[in-house]
Amino acid sequence: MVLNWFVQVYICGLLENVFFVVKTTHNYKLEYYWKSTWKEVCQKAIVESVKKDKFAYVSDEDHSMWEVGGRATLHFRSTKHGVLRPLLIKSCNAQQKIVPDSLTRIVQHFLNILYCKIASETPFNNSKNFLQKWCEIYPQWKGKKVHFVKMDVKDAFGSVNHTLLRCIIKVHFRRYVNSGQLIAVKTVKFSSNKTRILFDVFDEDFCSYHHPVQYYPIELLFGIVVKSFECCEFQWRRKFYRLKCGLPQGNELSASLCNFYLNAMDQKYLREFVSESSLLIREMDDYLFITTSHEQAVKFYYFMQKGISEFNVQINAKTETSDTHHEISYLKYIINTEDLEIGYDYSKYASSDIAHWLSLNRTVKQERFIKDSTRTTCVLSDILVNAMFNRPQTVMKIIFQCAYLQASRMHAMVDRLLCGCFREGFVVKCCKMCAKVIRRKSVKRFQNPDVGTYITIRAFYERLLPFGRYREELRQLSLRMKTLQCVISDVILEIEYVIQDLMSRTSGNPLKRSDF
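Residue numbers 1 to 516, in the UniProt record's numbering, belong to the letters of the sequence shown in order.
Note that these hints are calculated values from the structure, not bench results. Values in this document were obtained by computation on a predicted structure and should not be read as measured data. Some hints could be false.
To be verified - In silico lysine to aspartate or glutamate, EDC-like type, Cα no more than 20 Å apart, as pairs: (1) Lys-512 with Asp-501; (2) Lys-318 with Glu-219; (3) Lys-444 with Asp-382; (4) Lys-150 with Asp-60; (5) Lys-154 with Asp-286; (6) Lys-268 with Glu-252; (7) Lys-150 with Glu-341; (8) Lys-306 with Asp-155; (9) Lys-436 with Asp-501; (10) Lys-365 with Asp-415; (11) Lys-429 with Asp-415; (12) Lys-39 with Asp-266; (13) Lys-170 with Glu-233; (14) Lys-51 with Glu-295; (15) Lys-306 with Glu-295; (16) Lys-145 with Glu-320; (17) Lys-150 with Glu-424; (18) Lys-299 with Asp-266; (19) Lys-144 with Asp-266; (20) Lys-150 with Glu-295; (21) Lys-512 with Glu-496; (22) Lys-145 with Asp-266; (23) Lys-299 with Asp-152; (24) Lys-133 with Glu-230; (25) Lys-117 with Asp-266; (26) Lys-244 with Asp-266; (27) Lys-239 with Asp-60; (28) Lys-441 with Glu-341.
Take these sequences, add in the hints, and give me the full structure.
Next up, the structure:
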């Protein structure tokens, strides 16, 4: 904390640099600009945005009217590709905020409920039911040539048309919500003396609940939704601009509004690509189209590449298809386009500092916390170890990667929390907990349930081998592996071949994608 304060107050002040943190695929990156360079970059971005009709000049009269109701500021943020995107910065002064935080959370929850109602009536699928839909349609694909098309929308947040989005939201409000209906918010007092707010949509039957209730009219919520993307302005060189096109990246409602916007586009233009033998999935701005018809795959590819001018949607040039890629990574899964085998994409966990997101310093019982985390955060699904979808060698590889990830997480937390000092047998207990979870999930896949246990211990051994602090724990794990080798002697050679092949393909880090 002292070092962070020293850097912010003295170094940044003396050098007059602009520092900020950018979240990349695997970790966080610190970027900085000289103050003069940053002004030139921002000025150039503003001029280009005005030419593209994304920003509009605000007169002094309009600006004074907006200040009465509250005004937010807009800042630029550089992405990992070097593109400047608008970021909504909320003022610390509560009187200057457009919408209070409590109302924003209520509106966000209401939009989620509304979107679930809309999604339940559409033939499209999302990432939450991806594996379920895969299980249903897999028997139709087995033994056939299946075509994959993966693409994503270019600058999905920055290309949203405000007028069209306002009409879309208004139509949904009129369709699913009665005029004059209220949102009821109940506040419940728990025994821990902490006040939690629970949100839900109610009509007149809320009297049965014996809790304090606050009602919010739908018209108020609609106004908050519209204001969240229309009342975004910032000042640059004594001039004020407002966001005319696109959604601010820092707003809590932007993700939900982008979902509404793209869902309307899907309903109007992409319904023809949904059939019994095809699967169309969209997660925010990422599309995955799977079909057995080559004509449909080609038609979808060229249709999306042309873009949809009505919604101002363009597709990124980087598009993956089964004709050019042997494996396609989508969301957290990786799919073999030839054998239709599916597994987790562990490459996104390949960063060395994978425990940075945990509030580790606030943990009281640290060793117990690490044990529970090793047991509960196991990234493995029963479907992925099913014999119907994956071969035994693929299941062995998935189990090894899963256990290797748990060992990496445990090592990162031990290094961060315990500073390398732990009680004897602690690491072995963590390994046993992880092996117990993996064994329970993979017991139906192998005739001998000890196969999953051996692979888990072997993964922990490989991950902790470079560190001298685990010398005694590695000796115990080695003895346990020798005992299990006698029990699973019929498949031990196959397991060792799979592990050695995986380690060689990934240059010693099985969480990364294969080198060839």
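Verification of the hints:
Restraint check for Lys-512 and Asp-501: the C-alpha separation of about 13 Å stays at or below 20 Å, so the hint holds. Annotation: proposed proximity of Lys-318 to Glu-219 is violated, straight-line Cα distance about 42 Å (limit 20 Å). Taking the CA atoms of Lys-444 and Asp-382, the gap is about 9 Å. The hint holds against a cut of 20 Å. Between Lys-150 and Asp-60, the direct Cα distance comes to roughly 46 Å. Violation of the 20 Å bound is thereby established for this hinted pair.
Among the hinted pairs, Lys-154 with Asp-286 is consistent with the structure: their alpha-carbon atoms are about 10 Å apart, no more than 20 Å. Pair hint Lys-268 plus Glu-252 does not hold up; C-alpha atoms about 27 Å apart against a cutoff of 20 Å. Distance restraint check for Lys-150 and Glu-341: the Cα-Cα separation of roughly 17 Å lies within the 20 Å cut-off, and the hinted pair is therefore satisfied. With a C-alpha separation of about 16 Å, the suggested pair Lys-306 and Asp-155 falls inside the 20 Å cut-off, and the hint holds.
Taking the CA atoms of Lys-436 and Asp-501, the gap is near 25 Å; set against the 20 Å cutoff, the hint is violated. Distance check on the hinted pair: Lys-365 and Asp-415 sit about 15 Å apart at the alpha-carbon level, within 20 Å; holds. As the CA atoms of Lys-429 and Asp-415 are separated by approximately 17 Å, the hinted pair is consistent with the 20 Å bound. In summary, the hint linking Lys-39 to Asp-266 is not supported, as the alpha carbons are separated by about 39 Å, beyond the 20 Å threshold.
Taken as a hint, the Lys-170 and Glu-233 pair is broken in the structure, with Cα atoms around 23 Å apart against an allowance of 20 Å. Note on Lys-51 and Glu-295: the hinted pairing is violated, with a Cα-Cα distance of about 39 Å set against a maximum of 20 Å. Of the supplied pair hints, the one linking Lys-306 and Glu-295 holds, its CA atoms being roughly 17 Å apart against a limit of 20 Å. Between Lys-145 and Glu-320 the CA atoms are separated by roughly 17 Å; this keeps the pair inside 20 Å, and the hint holds.
Between Lys-150 and Glu-424 the alpha-carbon distance is near 49 Å, which puts this suggested pair outside the 20 Å criterion. Of the supplied pair hints, the one linking Lys-299 and Asp-266 holds, its CA atoms being roughly 15 Å apart against a limit of 20 Å. Proximity of Lys-144 to Asp-266 is assessed by CA-CA distance (about 27 Å); at most 20 Å being required, the pair is judged violated. With a C-alpha separation of about 16 Å, the suggested pair Lys-150 and Glu-295 falls inside the 20 Å cut-off, and the hint holds.
A hinted pair counts as satisfied when its Cα atoms are at most 20 Å apart, and Lys-512 with Glu-496 qualifies at roughly 19 Å. Note on Lys-145 and Asp-266: the hinted pairing is violated, with a Cα-Cα distance of about 26 Å set against a maximum of 20 Å. The hinted pair formed by Lys-299 and Asp-152 meets the criterion: a straight-line CA distance of about 16 Å does not exceed 20 Å. Distance check on the hinted pair: Lys-133 and Glu-230 sit about 38 Å apart at the alpha-carbon level, beyond 20 Å; violated.
The suggested pairing of Lys-117 with Asp-266 holds, with an alpha-carbon distance near 16 Å, which does not exceed 20 Å. The suggested pairing of Lys-244 with Asp-266 is violated, with an alpha-carbon distance near 23 Å, which exceeds 20 Å. Distance hint between Lys-239 and Asp-60 is fulfilled; the C-alpha atoms sit about 9 Å from each other, no more than 20 Å. With a C-alpha separation of about 18 Å, the suggested pairing of Lys-441 with Glu-341 holds against the 20 Å cut-off.
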